[in-house]
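Asks: Going line by line, the protein sequences match chains A and B.
When we follow this note's numbering, the leftmost residue of the first sequence carries the number 1, and every step to the right adds one.
When we follow this note's numbering, the leftmost residue of the second sequence carries the number 1, and every step to the right adds one.
Honestly, I wouldn't trust all of these hints.
Calculated cross-link-like contacts (lysine-lysine; reagent style DSS-like; alpha-carbon spacing at most 30 Å) [unchecked claim]:
#1 Lys73(B) - Lys34(B)
#2 Lys333(A) - Lys196(A)
#3 Lys72(A) - Lys333(A)
#4 Lys312(A) - Lys73(B)
#5 Lys300(A) - Lys285(A)
#6 Lys34(B) - Lys292(A)
#7 Lys300(A) - Lys196(A)
#8 Lys73(B) - Lys300(A)
#9 Lys234(A) - Lys292(A)
#10 Lys234(A) - Lys312(A)
#11 Lys34(B) - Lys300(A)
#12 Lys292(A) - Lys73(B)
It is worth saying that the hints were derived from the structure and are not from the lab.
Please read these numbers as outputs of a predicted model, since none were measured by experiment.
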Amino acid sequence: MADATGKSVNTEGIAIEKTGQTGAFGGELLTVNFGPHHPSTHGVLRLIVDLDGEQVRRVVPVIGYLHTGIEKQMEALRWQQGVVVTDRHDYLSPPINNLAYALAVEKLMGVEVPPRANALRVIMSELTRLSSHLVWMGTSGLELGAMSMLMYCFRERDTIMDLNEEISGFRMHTSYIRPGGVYADATPRFLELLDKFCREMPGHIDEYEALLTNNPIWRARTIGIGMLSAEDAKVLGASGPMLRGSGVAWDLRRAIPYSGYENYDFEVATSDMCDCYGRYLVRIKEMREAVKILRQALDKLPDGPINVDDRKMLPPPREELETSMEAVIHHFKLFTEGYSVPPGDVYVAVESGRGENGCYVVSDGTHKPRRVKFRAASFVNLQALERMALNQMLADMIAIIGTADTVMGDVDR
Amino acid sequence: MIAETLIVDRGVSAGDAWVTVEPDSIRDALSGLKDEGYRLLVFLSCVDHLADASREWPVRYEIVYQLRNMETKEQLRVRAFVDGDPPHIDSVHDLFPPANWDERETYDMFGIVFNDHPDLTRILMPDDWVGHPLRRDYPVGGEVVEFSEEHERWQTPPEKA
């Protein structure tokens with residue numbers, strides 16, 4: 001490994017090491033290993049940090065500890081089986097990853113899903129965004145001294161899990177959004193629970209704000225910490241709350257709409273503070289907007305089918321199997337061979353809780369993908385870490401890693 | 001658009017515009033496109049076309065650069081085909097900073113060597129890993145699973161088993 005100046009760095013077995021260089025305070029620069037099992041690194045992020053006293057002079061992230069070969073696995077699975085794997089790279093927002101993959105496959109096949117499927121996809125995406133922000137807020141609060149945040153945030157996250165369970169049967173890795181539509185229709189109980197959730201959630205967000213927004217410790221630990229200017233954020237390719245927290249109003253749901261997001265009335269949350277507090281404000285605003293979108297989607301949920309009417313892509317309904325020979329053949333073909341996708345390649349990007357999560361799919365016309373590349377928001381956002389953490393205190397780096405909201409499963413895939 | 005002499009081929013795939021350029025002129029093409037407003041490199045990756053009979057491929061590896069103009073919201077995919085052992089192409093990490101880690105990942109997974117990259121080392125796989133896993137001819141399976149029931153069998157060298 002080499003650092004920005006090209007100097008070679010040994011990353012093996014560093015615990016704490018003297019560099020021999022003199023720091024600004026008369027002491028000696030120390031190289032310190034941070035992670036990969038440090039509880040505040042949100043997974044298994046390892047950082048090699050040069051410290052001058054308590055100030056950070058250099059950060060070298062070492063990643064790959066959670067690499068699971070997801071892109072390789074996709075090549076070995078049939079098109080419809082791949083959905084299950086997409087759930088698992090950014091493990092805090094499975095339906096949004098499903099959506100990116102499903103949209104890419106649908107675009108290659110040239111199919112358009114019915115309006116009810118689109119509305120259900122939007123509902124699941126927004127619920128996921130809420131639950132992802134709740135995990136972020138709970139854990140960040142815990143790290144920065146607001147211990148009770150975790151309890152409050154996980155209380156509402158559990159309600160979202162219940163909703164997931166009601167609609168898909170799974171609490172976390174739902175595999176709900178699939179190429180061609182969604183897994184199942186919303187049950188009356190789901191709509192009832194969602195309605196209750198939409199009514200209660202704004203009050204809960206007020207509770208979080210009461211705990212954090214004017215909390216002197218929270219403000220002291222986040223305001224002016226981890227500055228990232230709008231220009232830097234754009235140059236470094238940051239996306240999501242990292243970019244909007246630096247005052248750039250870029251949201252893929254607005255800029256390049258998908259799944260009918262152009263029909264919903266919502267604001268793109270931004271903050272000009274460019275620091276950790278700005279990113280917090282953006283996420284709070286996004287949670288309020290997500291509830292607004294959920295309410296609109298629920299109020300004008302269209303009737304109709306939830307899947308494309310294509311027997312070559314999706315299995316026939318259960319009752320048809322008993323009467324129609326053709327349905328049995330389709331069913332057999334789909335579950336033994338799968339469907340094939342016309343040759344070509346496509347890139348689809350969706351806005352996840354962390355930023356632009358994209359899916360680049362290449363088909364060679366067979367029943368398995370030739371290549372699936374996930375453009376992970378966390379992977380790109382993590383590269384901005386050094387810019388944000390330079391010359392800050394080591395303790396502030398916890399706040400910076402926290403508000404960058406990287407999911408290591410997404411970084412390493 | 002960039003100078004026509006740089007473009008070998010162009011087209012639209014499932015609604016996405018793309019151009020193909022010669023691998024030797026990739027830096028000229030990308031810096032030209034950057035000046036035109038394509039300031040964001042969304043991702044950079046590689047596709048291995050080994051034994052793909054669906055279309056005619058000039059050579060085995062295709063490097064893909066997805067660019068975006070954040071003002072006009074236009075997107076453009078730039079392709080360059082490379083071959084060789086190992087394949088070489090110029091690095092663009094100084095034009096687009098996010099390319100730094102993407103190029104390391106592409107090196108790690110496909111063994112593409114990016115000339116003049118400041119730190120072309122493995123990023124996801126361990127430093128002592130042999131092979132490039134996302135190549136199509138990389139063997140799948142046969143990896144030792146530690147602490148599994150087969151672990152003891154795996155530990156025995158094949159000639160003694």
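Asks: Take the hints in turn and mark each one as holding or not.
Replies: Evaluation of the provided hints:
no.	hint	in the structure
1	Lys73(B) - Lys34(B)	holds (14 Å)
2	Lys333(A) - Lys196(A)	violated (42 Å)
3	Lys72(A) - Lys333(A)	holds (25 Å)
4	Lys312(A) - Lys73(B)	violated (34 Å)
5	Lys300(A) - Lys285(A)	holds (23 Å)
6	Lys34(B) - Lys292(A)	violated (37 Å)
7	Lys300(A) - Lys196(A)	holds (16 Å)
8	Lys73(B) - Lys300(A)	holds (29 Å)
9	Lys234(A) - Lys292(A)	holds (28 Å)
10	Lys234(A) - Lys312(A)	violated (43 Å)
11	Lys34(B) - Lys300(A)	violated (42 Å)
12	Lys292(A) - Lys73(B)	holds (26 Å)
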